[in-house]
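Please model the entire structure based on the sequences and the hints provided.
Residue numbering for the sequence shown follows this note's numbering, beginning at 25 and increasing consecutively.
One should not assume that every hint holds.
[What the hints assert, rightly or not] When the alpha-carbon atoms are kept at most 20 Å apart in a straight line, the in silico DMTMM-like pairs for lysine to aspartate or glutamate are as follows: (1) Lys146 with Glu134; (2) Lys146 with Glu102; (3) Lys84 with Asp67; (4) Lys55 with Glu144; (5) Lys84 with Asp124; (6) Lys146 with Asp66; (7) Lys84 with Glu144; (8) Lys74 with Asp52; (9) Lys74 with Glu100; (10) Lys84 with Glu100; (11) Lys150 with Glu102; (12) Lys146 with Glu110; (13) Lys74 with Glu144; (14) Lys74 with Asp50; (15) Lys150 with Asp66; (16) Lys55 with Glu69; (17) Lys55 with Glu110; (18) Lys84 with Asp136; (19) Lys150 with Asp67; (20) Lys150 with Asp52; (21) Lys84 with Asp125; (22) Lys146 with Glu69; (23) Lys150 with Asp50.
These are calculated hints, taken from the structure and not from any lab test. It should be emphasised that the depicted structure is a prediction, and the values quoted were computed from it without experimental measurement.
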Amino acid sequence: MSDFLITHPIKRVDAPGSLMGKIFFDWDYYKNTCYHFTWYIDDPENVIQKRWQNSALSNKHFIYLSVIDLGFIQVETEYFINNWYEFAFYCSEGGQGFSDDGQLFFEYTEPDRAIRSNFEIKPNSKITQPPYMSYQ
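This is how it looks when you write it as structure tokens:
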């Protein structure tokens, strides 16, 4: 896990409350492979779960996931996909995840309740200018 954090550009975001000091991926660096969708509004839970199942992440054995108050935990990918909604709510104030090989990563963002990733989860969700959150 530490190799992943060393080799991937990250940045700290100054934000109020529990987001203070959280590490976020530097999406400026990944703008050519950035995907973004709003999980709370766009589609029902089961549709998004099916998208996780059809994504490249489903081919990975496990992921590391940041969980509030626990730091990074290792979770079997299948378990994560089957319970993605609970993880999304638990990490809705900001959380990151990445595959066991460090090739795929994603982030839950707040306040827009979105998922940003370097791989496609929702079809046609690729963007070239990530919609950064406003903390104002």
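Going through the earlier hints one by one, which of them does the structure break, listed in rising order?
Hint check: 3, 8, 11, 14, 16, 17, 18 fail, others pass.
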